[in-house]
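Participant: Chain by chain, the residues run as shown.
There are 2 protein chains.
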Amino acid sequence: MAQTFEKKGVTKKSENFSDWYVDVITKSGMADYSPVKGCIVYRPLSYAIWERVQDFMNPRMKAMGVQNSYFPLFIPESFLKKEASHIQGFSPELAVVTIAGGEELEEKLVVRPTSETIMYTMYSKWIQSHRDLPLKLNQWNNVVRWEKRTFPFIRGSEFLWQEAHTAHATHEECWQQVLDATELYKQTYEELMALPVIVGMKSQSEKFAGAVNTVTLESLMPDGKALQSCTSHDLGQNFSKAFEVSFQNKEGQNEFVHQTSFGYSTRSIGGLVMVHGDDQGLVLPPRIAPTQVVIIPIGTDSEVLRTAENINLALQEKMIRTKLDIHTEYSLGFKRNEYELQGVPVRIELGQKELESGNVSVAIRHSSQKEQTPIESLGAYMPNLLNNIHNDMYDKALKIQHNLTSVANSYDEFKQIMETKRGFIHAHWCENADCEAKIKEETKATTRCLPFDSVEEKGTCIRCGKDSKHKWLFAQAY
Amino acid sequence: MAQTFEKKGVTKKSENFSDWYVDVITKSGMADYSPVKGCIVYRPLSYAIWERVQDFMNPRMKAMGVQNSYFPLFIPESFLKKEASHIQGFSPELAVVTIAGGEELEEKLVVRPTSETIMYTMYSKWIQSHRDLPLKLNQWNNVVRWEKRTFPFIRGSEFLWQEAHTAHATHEECWQQVLDATELYKQTYEELMALPVIVGMKSQSEKFAGAVNTVTLESLMPDGKALQSCTSHDLGQNFSKAFEVSFQNKEGQNEFVHQTSFGYSTRSIGGLVMVHGDDQGLVLPPRIAPTQVVIIPIGTDSEVLRTAENINLALQEKMIRTKLDIHTEYSLGFKRNEYELQGVPVRIELGQKELESGNVSVAIRHSSQKEQTPIESLGAYMPNLLNNIHNDMYDKALKIQHNLTSVANSYDEFKQIMETKRGFIHAHWCENADCEAKIKEETKATTRCLPFDSVEEKGTCIRCGKDSKHKWLFAQAY
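Sequence lines, in order, name chains A and B. Per the numbering used here: the first sequence = residues 109 to 586. Per the numbering used here: the second sequence = residues 109 to 586.
In isolation and in its complexed conformation, chain A is listed as follows (with noise of 0.2 Å):
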């Protein structure tokens, strides 16, 4: 079996932050760094993650009438164009192909940041009557932004996302999309990946380049920092009027659609090492995790490895991902921290003496408690435990969230929860782009969401003293 063991030396994380994290990712077989600048390599435990993803997801998409398709890495640098806000806001950071074939290019083809003008494109030709709307199409694809700073998953020059992009007859039904796909992302991430998020609108600063407004989930880092863990876009008829994609309507008049955009990136993989990780390495919530739990016979003995086997199929049986680890080359002591390096969620040990008590004790990853269980019922109990453990890391996950969460009345406590422990700031803000500017240059933060349970209420913005209606989130971004 080719697993690069390597020793665990990881930096703690409650010392350096950023190095912990980039400690757990490369010395646990996730990701390492490739010879491209940006670049990562994804191992197959990250790779296995994101299939998890894919397969949580693509049913749920399908529900929705969202079809898989691919359209092509390459767009003319002249469609980028034809979106004026669009351009701007993605020029800054495009990777540019100028020969190929061996020849120079006439036109320059930009490597896709995001695929809404190669896309819709296609859509206006495909769309001509309100009978072909809704489109619905989703692409899995690697996507190119040339970032000066980056950080292994949390911002990389080349990732790994689904895009999916719809067209409708009404704004009102392009509005449920962003909806409902705000709402399949919040299962994705509480149910799949046990984190907790604060759903929102974006400011219209921060909104995506293009869009009309953009819905956003925010998750809070344990180092007081936000991650926009991903956005839905209502794209309105800004990219339909650019592209010319109109159709005709039952009255047989002509009208523009009404777009959506939506993605989840891989960068969703850096929020879940980042908040369930610990001084041991990653903490794989049971729902994601490639092998849910692992057996370690210990020794060699027929009669412990037939019965080290036996749970192996007991648990099969219940459709748990396991792995049955009946290796040689390696100490017991080796593969414990291997396994709890690699944030395997269940271990299971097995040798003489559990065979003769018929218990055996089964360590839990993320609460390091070992519980004894009877091998006979090992079947019926494990499907409870993986869910008591999701359920465990996600309130964990939330009181981390809480803990990080405050609230400023005045500038001056802005200020200093910044300077102190950061996290998630609700606070009243005018909504006036200048303002918004000085504050993050002020103190780092910036507007992460108007969440969408945010009340309506009184108050003065926080830093020029204007009216204001919401306490919006504020937070320093990843």
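Keep in mind that a hint or two might mislead.
In this list, chains with the same sequence are indistinguishable; a pair is considered to hold if it fits within one copy or across any two.
With a cut-off of at most 27 Å between alpha-carbon atoms, the simulated DSS-like pairs for lysine-lysine come out as follows [to be verified]:
1. 349 / 145
2. 358 / 443
3. 478 / 443
4. 121 / 529
Simulated from the structure, these hints should not be mistaken for lab results.
We have chain A; now place chain B onto it with these hints.
Facilitator: Just chain B, lined up with the frame of chain A:
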């Protein structure tokens, strides 16, 4: 539901094969031309076929110990140059990024045409000991080869594929991996796509750029041209020496690893269409068809609708992929045409008349036949029917191949076959590259492979008359 229904107007297959092919793939909604030269859009129908390929191959590759992963899209130009024949083979068709993040790059980045060089750079870091072997990684990704002449699916400037790359301690193990990969590919073609293939070794001039030997699967298209359908390469130590991928063996000595790479691409979809399609459009073998059975209720009678729903459920219980089409905006005739064009293997229509008789007529796409079947027994009947359809389609394809396969005992005979029906030709060849080149120049036929089942026999090269040990397989290639 978003469906771009288009008029049929498909060219006859017998009249103009390539026009027919393009008509079928564009009008069925498989693919569309994009504004980027040589790049197509994989619309939902072809992408769903590709997902079926992934679903078929993934568990089988996993059983071989191959793990999925993802490596960067970009390869520094210098990496590609490390293996001399590799860069020579790929250099004419590279797409090159020269500008990124608004700046001219110091070292140009090539968009991967294949990933040997970037992957083996990492392998060199990861592999140290015999305990790290074998290392078997696969990627499902996009690659770019800037082709002068493109043809949808068959030859594109960008295409999708899987590329697996393995490293082994011995050449014996490495060669076994090549054979195992070949067997998997053969299964995929025969058992999933209902396409017969010929398996054999490439000649030295036709092998992969950088390989010691290449094993190929060759399919024959109904126009008498051969399609190189996928390949598995024995890379020997060519790349491991160039990229310094070495390991300490059990005796403590340093050795270079032995490597393989093998790939299966969306080109296979082109072969699928060409062999099985007919004048009515696509014909999909049941195991790869995204929709296996479409059920069309006639009219809006509630009893008819309820029966259609029951049939749908009964088939889904048998794990059959169904579609229940209750749209009222399109006529029955329109729907029939559409599903024929899209190649759905089985169509069931039912109305008042069928309800009364208790029988439905089951329309079978590939044979254009109809079978009267009791509604009650559809669930039991359908899995067998689908299996029979698969077998019939395979047999039909094999017959096409047999009818287009000849033996040439002289060069005159060889040339005459190439001028008339083309197809596969078994003929003696001296294994000299000059002779091979001249045969190509004079007849357009290239050596496709030395079939694994070719028996050693005394003969003389059809062109130069020198001694020959085997009949090789020749054909004009796509």
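Participant: Next, verify each hint and record whether it holds.
Facilitator: Going through the hints against the structure:
In the homo-oligomer, the alpha carbons of residue 349 and residue 145 lie at most 27 Å apart only across protomers (25 Å), although the nearest pairing inside one protomer, at 37 Å, exceeds that limit. Taking the closest pair of Cα atoms, residue 358 and residue 443 come within 27 Å of each other only across two copies (21 Å); inside a single copy the shortest separation is 66 Å, beyond that limit. When the C-alpha separation of residue 478 and residue 443 is checked against a cutoff of 27 Å, the pair qualifies only within one copy, where the shortest distance is 17 Å, while the shortest distance between copies is 61 Å. When the C-alpha separation of residue 121 and residue 529 is checked against a cutoff of 27 Å, the pair qualifies only within one copy, where the shortest distance is 15 Å, while the shortest distance between copies is 71 Å.
The structure shown violates none of the earlier numbered hints.
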